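Peer 1: Fit chain B to the known structure of chain U by using the hints.
Number of protein chains: 2
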Amino acid sequence: MANPTAAICVIGDEILSGRTKDKNIGWIAEQLCGLGIQLTEARVIADEKKTIIRHIRELSDANDYVFTSGGIGPTHDDITTESVAAAFDVDVERNQEAMRRLEQHYKGTEIVLNEVRKKMADIPASATLIDNPVSAAPGFQLKNVYVMAGVPSIMQSMFEGIAVTLQGGTIPTRLTVQCATGEGNVAQILEQISDHYESVSVGSYPWFKPGLFGTAVVLTSLDEDLAAKAARELCELVRQAGFAAEDAV
Amino acid sequence: MANPTAAICVIGDEILSGRTKDKNIGWIAEQLCGLGIQLTEARVIADEKKTIIRHIRELSDANDYVFTSGGIGPTHDDITTESVAAAFDVDVERNQEAMRRLEQHYKGTEIVLNEVRKKMADIPASATLIDNPVSAAPGFQLKNVYVMAGVPSIMQSMFEGIAVTLQGGTIPTRLTVQCATGEGNVAQILEQISDHYESVSVGSYPWFKPGLFGTAVVLTSLDEDLAAKAARELCELVRQAGFAAEDAV
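Respectively, the protein sequence lines represent chains U and B.
Numbered by the working numbering, the letters in the first sequence go through residues 54 to 302 in order.
Numbered by the working numbering, the letters in the second sequence go through residues 54 to 302 in order.
Among the hints, a few may not be true.
Identical copies carry no separate label here, and so any pair may be met within one copy or between two of them.
Stated by the list, open to error - Within a straight-line C-alpha distance of at most 30 Å, the following computed DSBU-like cross-link-like pairs (lysine-lysine) qualify:
#	residue 1	residue 2
1	Lys-160	Lys-262
2	Lys-196	Lys-262
3	Lys-196	Lys-171
4	Lys-262	Lys-171
5	Lys-102	Lys-282
6	Lys-74	Lys-282
7	Lys-74	Lys-171
8	Lys-76	Lys-102
9	Lys-171	Lys-160
10	Lys-102	Lys-171
11	Lys-76	Lys-171
These are calculated hints, taken from the structure and not from any lab test.
Predicted, not measured: the structure shown is a model, and the values here were computed from it.
With the rest of the complex left out, here is chain U (with noise of 0.2 Å):
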């Protein structure tokens, strides 16, 4: 059986504009793998509510799972929640149980839980709260749309919380094999082992450092003995061939 999908949407113009690098992707991407979840794709868009509409309905028709980072807080810019309940014709209003876990947050603080703090718990409804350990202002799962916030520590607690709620497939078996030697080299070998096991992804990697090169091959499968048994043969293969090979990994 295949691995479920999953889609990544990172909403926030201050990534297209470059001035925020995003760290998301690459963080969801390692989680996702490590649960047998297979990411399609990932996509950065902007804070436009016809823009979020149009791509939160296209990614969740498409994959078993979506993941948006970006958009929750308390200012006017903050309209991933409206958005997403947009795509699904759903109504949002203010959440009690989000609201207990603000009170509870700010309680004894300096910080004032006035009425724009408040619009954070302001939910889908219909939706599942995702907790946040960090800042209480939760994030929700909306059918498969599981929306959180974007700064990457808050991000990540609240994916930490969710993952094991999540339906893993077969977490796939990663071989690296590295070949020292360029590409160009191995390219033929790297085919022929490619063709010959259909369901071992083959990927090519070349790297250099002053004075040194070579190529890693990374050997993906669902089924941990044809990874072994294809990285075996990859390295006598390039051995043949005259180069040095060893199973890295």
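Peer 2: Showing chain B alone in chain U's frame:
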């Protein structure tokens, strides 16, 4: 007149698996901002021909420019060239100028320009070559799509060559106002500024350090004077509300 628009398309399974962290989106985003070209979205997609064709067509139709990175090396998993060509129903052919550059590059080295490496001289007919000062194998421009290498240093050297040929626009003015309070205390002011200055985009970015917190408010506009006026008014309103505020940049 509105600025020209662009999309970025990062092509590579290694990014989606989390094995490699993308560095190209943030770098290209910054360059485009400096050229007055508006980045509308960025996508990371898989090394699959059908997938690449679909996304390239979509992004090419919707934007003035599309910049891709990844998948133009010599191995079997490098399918960007044939896929982009197929997206525009153009044939791929051995490009004589690209061959000359590869021959020149490998002359006097131990590296043999074998059949596999010659694949890097296969370029869509009617495409224009993009120089590769680092490792010779060129990228190409086909219609409004600029196809570049995935390795950041090579991609950057390619982009710097084409940057001068791009039709830029007005470089946006971006002013940051640092407010010494949480965003929940300035949100109403930000909304007021945003409503009052329609052509100024107002972004709010809370930050935390041990014992300190604040809100960076970023005002972006193609109209420099208007951005400055909005920043001054914002500072005044925040100070009137009882919090420190300063034009940080």
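Peer 1: Each hint: holds or not?
Peer 2: These are the hints, each one checked on the structure:
1. Proximity of Lys-160 to Lys-262 under the C-alpha cut-off of 30 Å is restricted to the inter-copy arrangement: shortest distance 21 Å between copies versus 55 Å within a copy.
2. With identical chains, the CA atoms of Lys-196 and Lys-262 are never at most 30 Å apart, being 47 Å at best within one copy and 35 Å at best between copies.
3. With identical chains, the CA atoms of Lys-196 and Lys-171 are at most 30 Å apart within one copy only, with a shortest distance of 24 Å there and 49 Å across copies.
4. Only between protomers do Lys-262 and Lys-171 lie at most 30 Å apart by alpha-carbon distance; the minimum there is 24 Å, versus 53 Å within a single protomer.
5. Taking identical chains as interchangeable, the C-alpha atoms of Lys-102 and Lys-282 lie at most 30 Å apart only when they sit on different chains, with a minimum of 27 Å there against 50 Å within one chain.
6. Only between protomers do Lys-74 and Lys-282 lie at most 30 Å apart by alpha-carbon distance; the minimum there is 28 Å, versus 39 Å within a single protomer.
7. Only within a single protomer do Lys-74 and Lys-171 lie at most 30 Å apart by alpha-carbon distance; the minimum there is 29 Å, versus 36 Å between protomers.
8. Both within a single protomer and between protomers do Lys-76 and Lys-102 lie at most 30 Å apart by alpha-carbon distance, with minima of 23 Å and 27 Å respectively.
9. Taking identical chains as interchangeable, the C-alpha atoms of Lys-171 and Lys-160 lie at most 30 Å apart only when both belong to the same chain, with a minimum of 14 Å there against 68 Å between chains.
10. Within a single copy, Lys-102 and Lys-171 get their C-alpha atoms as close as 21 Å, which meets the 30 Å cut-off; across copies the closest is 47 Å, which misses it.
11. Only within a single protomer do Lys-76 and Lys-171 lie at most 30 Å apart by alpha-carbon distance; the minimum there is 28 Å, versus 36 Å between protomers.
In this structure, the one hint that does not hold is number 2.
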